[in-house]
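S.K.: Model the full assembly from the supplied sequences, consistent with the hints where possible.
2 protein chains.
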Amino acid sequence: MRKLLPSWFTGYQHAWLAGDLTAGMVVTVMLIPQSLAYAMLAGLPPEVGLYASVLPLFAYALFGSSMALAVGPVAVASLMTASALGQLSPLVSQGTPEYLAMAILLALLSGVMLFVAGLLRMGFLAHFLSHPVISGFISGSAILITVGQLKYLLGVPLPSGSILKTLSALPQQLPHLNVTTAAIGIAAVVFLLFSRLYLGKLLKHIGVPEKAADLVTKLAPMAAVIVSTAVVAHYGLDQSAAVSIVGQVPSGLPALALPSLDWHAATALVVPAALISLVGFVESVSVAQSLGFKRGQRIDPNRELLGIGAANIASALSGGYPVTGGFARSVVNFSAGAQTPAAGMISAVLMAVVIAGFTGGFHYLPHAVLAATIIVAVTALIDIDSLVEAWHYDKGDAMSLLLTFLGVIFLGVEEGILLGVVLSLAVLVWRSSHPHMAVVGRVPGTEHFRNIDRHQVETLPGLVALRIDESLYFANAQVLESKVEWLVQTHPGTRCILLILSAVNQLDSTALGILTELEKSLASRNISLQFSEVKGPVLDRLRPTPLGERMRNRIYLSTHQAFVAHTDSAVTA
Amino acid sequence: MRKLLPSWFTGYQHAWLAGDLTAGMVVTVMLIPQSLAYAMLAGLPPEVGLYASVLPLFAYALFGSSMALAVGPVAVASLMTASALGQLSPLVSQGTPEYLAMAILLALLSGVMLFVAGLLRMGFLAHFLSHPVISGFISGSAILITVGQLKYLLGVPLPSGSILKTLSALPQQLPHLNVTTAAIGIAAVVFLLFSRLYLGKLLKHIGVPEKAADLVTKLAPMAAVIVSTAVVAHYGLDQSAAVSIVGQVPSGLPALALPSLDWHAATALVVPAALISLVGFVESVSVAQSLGFKRGQRIDPNRELLGIGAANIASALSGGYPVTGGFARSVVNFSAGAQTPAAGMISAVLMAVVIAGFTGGFHYLPHAVLAATIIVAVTALIDIDSLVEAWHYDKGDAMSLLLTFLGVIFLGVEEGILLGVVLSLAVLVWRSSHPHMAVVGRVPGTEHFRNIDRHQVETLPGLVALRIDESLYFANAQVLESKVEWLVQTHPGTRCILLILSAVNQLDSTALGILTELEKSLASRNISLQFSEVKGPVLDRLRPTPLGERMRNRIYLSTHQAFVAHTDSAVTA
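As they're listed, the protein sequences go chains A and B.
Those letters in the first sequence? Residues 1 to 573, by this note's numbering.
Those letters in the second sequence? Residues 1 to 573, by this note's numbering.
Simulated from the structure, these hints should not be mistaken for lab results.
Possibly wrong hints are sitting among the right ones.
Heads up, the list lumps identical chains together, so a pair's fine if it works in one copy or across two of them.
[To be verified] Calculated cross-link-like contacts (lysine-lysine; reagent style BS3-like; alpha-carbon spacing at most 27 Å):
(1) 483 / 535
(2) 201 / 535
(3) 520 / 201
(4) 294 / 520
(5) 395 / 520
(6) 204 / 520
(7) 211 / 294
(8) 211 / 201
(9) 201 / 395
(10) 294 / 201
(11) 294 / 204
(12) 520 / 211
(13) 483 / 294
(14) 535 / 204
(15) 395 / 535
(16) 483 / 520
(17) 520 / 535
(18) 483 / 211
Note that the structure is a prediction, hence the values are computed from the model and not measured.
M.R.: Pasting the structure below:
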């Protein structure tokens with residue numbers, strides 16, 4: 001039993017408690033407005049966001065490997081949920097029990113996928129998306145989210161579906177805005193932006209210690225929630241000025257229940273669930289790793305898959321929707337002193353207390369303040385620095401970033417991330433199909449061999465020696481074959497092609513097949529294929545194959561020996 | 001004008017004509033029964049197969065790079081066409097004009113995709129699929145095709161949709177078979193198999209020259225068509241014994257027409273078209289390359305994309321369906337002496353003559369003989385050797401092959417190839433995320449540095465030198481970061497991490513970001529990150545970056561210099 005529990009739990013030290021307790025409380029104060037707001041962003045009732053902030057935190061604490069990652073509803077996954085469920089329309093529409101059921105199913109699918117990937121130790125998938133693609137995706141999502149929240153922020157009817165449609169309708173609709181709502185919303189944005197940008201500095205300026213000042217700024221969204229709720233309730237603005245409010249939030253903890261398994265719907269949700277899983281996982285791991293490195297703690301991507309997978313399964317079982325590790329909350333958790341995932345468990349318990357007894361307090365909370373919370377949170381994610389840096393450093397990376405960004409904005413969030421995945425994979429395939437190779441010659445008077453294009457070296461007539469600087473496998477072996485054919489054509493009189501395999505750690509069966517064919521093709525033209533510096537494990541597998549048997553006497557330990565043998569045979573001939 | 005034409009055309013030599021003429025005629029004789037049969041396999045009227053064998057051959061001749069590839073209807077692309085159009089059911093059903101229109105649209109989409117990929121020089125996509133995956137896919141398709149043709153071969157009603165459904169219905173339905181049809185079908189199979197396996201040997205045994213004997217065996221399908229048509233017509237078996245026949249085949253060349261562009265249908269066909277394009281392209285290139293190498297001719301994958309793309313566009317414009325380079329016909333074309341694509345043009349002209357005047361001759365051709373032609377052709381594609389070889393050489397490759405094979409058979413042809421693509425990509429990503437790295441030390445008394453696990457080398461206290469044997473980019477940079485963190489943890493007292501970048505040809509912006517973060521994280525723990533042997537182009541881009549500026553005095557030309565500097569500073573300290 002003890003072995004199944006994580007080591008931070010079985011070896012918990014009292015010294016950690018103060019940090020975990022502080023962090024747990026601070027994160028809870030951030031989590032309350034965010035979980036309500038992100039549920040709204042996903043098109044779900046507010047309590048669903050609260051539910052997604054209890055059990056998933058426990059599940060992550062048991063399975064995950066990060067000491068600081070704060071799991072729960074996040075902006076991008078909420079946007080992706082809304083987008084995935086939007087595609088089921090008109091069969092399933094927002095506000096219906098079916099819509100909620102599909103959101104829960106999405107969390108289940110995503111959780112199972114992540115957990116299974118973790119069991120299969122597929123954590124390497126985290127390296128699937130390049131940073132420029134992720135950066136472009138997040139920035140694009142932030143803009144999409146901001147534009148989508150304008151209708152709540154200003155209390156004005158705006159069409160959704162595409163960013164162009166929404167923005168082009170704005171000038172026409174603006175005269176119809178709800179002045180009170182817009183006043184509340186804009187005041188909240190100004191207050192939250194001020195808090196984020198200046199409050200900390202101001203507090204430090206008047207002598208508040210740096211850490212305390214930083215923490216106070218993080219409480220601003222909660223303050224906005226409390227003040228605006230009080231104002232709306234006191235003046236009855238929901239009645240007198242038609243300010244849209246959250247309304248009745250059911251109290252009481254969610255009952256554990258198996259989500260309804262509709263196979264037809266599950267099939268339709270597989271791709272969206274896979275994309276949410278991928279994005280959520282990549283985001284979580286990169287946040288967890290950057291925090292882990294600050295304290296020299298190691299993150300195991302496979303355990304992160306298990307942790308986030310378990311969190312999503314727990315979310316689905318308790319009526320929540322897809323969750324993942326959030327960037328802002330994790331940073332706050334870390335800097336508020338979280339030592340272990342116990343901080344997350346403390347947050348979860350506090351959230352459960354809120355759900356059990358205090359949901360009545362959110363009745364008069366205006367939607368405009370939630371929209372302001374979302375907008376201020378996501379605009380911080382817009383990352384122009386990465387674009388500028390990539391532009392200066394690598395134009396190709398900058399193009400990937402821009403294309404993904406434009407894809408998200410103009411094609412949609414799923415299409416955008418798919419475009420990003422395809423771009424990343426295309427780069428991977430392109431790179432893999434361009435192995436580095438060099439024709440080498442002997443440095444005079446030595447046994448060293450160097451690139452003939454860069455060094456003064458000697459070559460032997462009739463012998464072309466090609467050094468291959470990468471393992472050979474299906475994605476690049478054909479390029480080697482083409483290179484050899486090109487060398488044969490450009491070096492008339494070639495009697496021998498020597499492949500120097502010093503950097504070849506692996507040779508898969510596709511590459512073996514291509515080399516076998518190449519050897520036969522060369523032999524039919526009286527050109528001898530030879531190998532040198534074959535690594536032990538490669539040679540062991542090569543020897544019993546037909547190619548290995550044909551080449552038995554043409555595999556040299558060193559390139560030098562191959563050169564000597566060639567010189568001898570040339571003398572004999 | 002001359003520059004736009006391919007060089008084989010502008011520089012055509014009279015000496016080539018004999019070979020091209022022979023090959024063109026032999027291929028035509030193979031092409032007639034195959035084009036009728038593969039159209040049936042795709043669920044299309046027989047004349048569509050004939051149409052797909054005229055203009056596409058001209059188009060390929062103008063744009064392609066292979067001197068021997070024989071383009072036209074092939075078994076696997078026909079199966080994929082049937083599968084793609086089957087998914088449009090019940091909206092579009094076989095035998096209707098809409099079904100044909102969708103097949104033509106599929107050819108157009110596939111052609112445009114391939115041609116555009118060619119213009120974008122994306123020929124490297126040919127290295128996307130590993131040989132085991134292709135082998136598994138082709139073998140699975142062959143079995144799927146064979147089982148699907150049983151109903152025509154035996155004249156018995158069998159359900160389609162899944163191989164299990166078809167096979168499980170067979171015992172029940174077998175008593176209802178059409179005895180005459182089954183007799184014709186089985187006789188054709190026996191005759192064709194005998195021709196393929198023994199006729200050549202027999203002819204050689206009685207003194208026929210080897211080449212002539214080989215060619216005669218290729219004429220067997222045409223002989224089966226002629227004999228069976230004559231028998232059915234003479235005895236009126238279509239009436240007296242209800243033998244299913246091809247019936248009226250319209251004569252006259254197809255009118256050039258733009259395919260109807262139904263955007264809704266086009267959207268549904270994008271993925272199938274992409275898969276047909278990928279498989280067709282990969283198959284064509286590998287056939288073209290293996291034939292090209294035999295004569296030392298180079299195949300340009302980008303020109304192959306243009307060639308096969310143009311062939312499919314031409315097919316769509318002339319009422320045909322997706323085409324690609326066929327394996328068997330290309331080999332025959334090659335061994336019959338084809339010197340240039342003029343052989344294909346000759347085939348095309350002969351096919352046009354057949355369409356213009358001789359389609360009446362196919363009226364009494366029994367479907368069972370077409371099914372026999374298909375079955376005998378595709379069973380030759382079942383490749384057990386590759387599985388056995390892969391099993392002995394690399395169990396992982398063997399698993400990829402088996403999974404793709406089983407995927408095609410039990411999930412379907414599109415699902416199977418998608419599974420194969422995913423498997424290939426997963427291998428690619430997995431490999432890319434495992435860069436080779438080695439901690440090195442100095443070989444005593446030299447300036448050489450070698451892996452400490454394999455050689456007796458000296459290390460310096462506080463210095464860990466890590467040689468990276470691959471370029472650094474998004475798919476593997478995080479692994480380097482983890483490795484460094486692990487080294488720091490397992491080497492207490494480390495003051496300096498030296499990264500030897502001798503094999504790093506590229507450093508993308510993701511890797512730059514990760515190294516920047518790593519440098520800061522190490523610096524905060526008083527560990528100095530240093531580089532040595534940075535290649536010129538990498539250093540040029542690195543220098544102006546924030547990381548480059550921070551590290552200005554910590555980049556050493558050689559590892560030896562870094563060791564000397566470390567020793568000096570240790571002495572000073």
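S.K.: Between the shortest in-copy and the shortest cross-copy C-alpha distance, which are at most 27 Å for residue 483 and residue 520: within, between, both, or neither?
M.R.: within (16 Å within a copy, 42 Å between copies)
S.K.: Within a copy, between copies, both or neither: where do residue 201 and residue 395 come within 27 Å Cα-Cα?
M.R.: Intra 37 Å, inter 61 Å, cutoff 27 Å: neither.
S.K.: When Cα atoms must be at most 27 Å apart, do residue 535 and residue 204 count as within-copy, between-copy, both, or neither?
M.R.: Answer is neither; intra-copy 62 Å and inter-copy 46 Å both fail.
S.K.: Checking residue 294 and residue 520: alpha-carbon separation at most 27 Å within a copy, between copies, both or neither?
M.R.: between (56 Å within a copy, 9 Å between copies)
S.K.: I want to check one pair: residue 204 and residue 520. Are their C-alpha atoms no more than 27 Å apart within a copy, between two copies, both, or neither?
M.R.: between (77 Å within a copy, 25 Å between copies)
S.K.: Under a CA distance limit of 27 Å, which applies to residue 395 and residue 535: within one copy, between copies, both, or neither?
M.R.: between (37 Å within a copy, 20 Å between copies)
S.K.: Between copies, within a copy, both or neither: which fits residue 211 and residue 201 at Cα up to 27 Å?
M.R.: Answer is within: at 11 Å inside a copy they meet the 27 Å cutoff, but 89 Å across does not.
S.K.: Could you place residue 294 and residue 204 in one of the four classes (within, between, both, neither) given a Cα distance threshold of 27 Å?
M.R.: within (24 Å within a copy, 78 Å between copies)
S.K.: How would you classify residue 294 and residue 201 at a CA-CA limit of 27 Å: within, between, both, or neither?
M.R.: within (24 Å within a copy, 75 Å between copies)
S.K.: Please sort residue 483 with residue 211 into within, between, both or neither, judging by C-alpha distance up to 27 Å.
M.R.: neither (61 Å within a copy, 32 Å between copies)
S.K.: Give the relationship of residue 201 and residue 535 under a CA distance limit of 27 Å: within one copy only, between copies only, both, or neither.
M.R.: Neither: 60 Å inside a chain and 44 Å across chains, both beyond 27 Å.
S.K.: Between copies, within a copy, both or neither: which fits residue 520 and residue 201 at Cα up to 27 Å?
M.R.: between (74 Å within a copy, 24 Å between copies)
In the structure shown, a violation is registered for the earlier hints numbered 2, 9, 14, 18, in ascending order.
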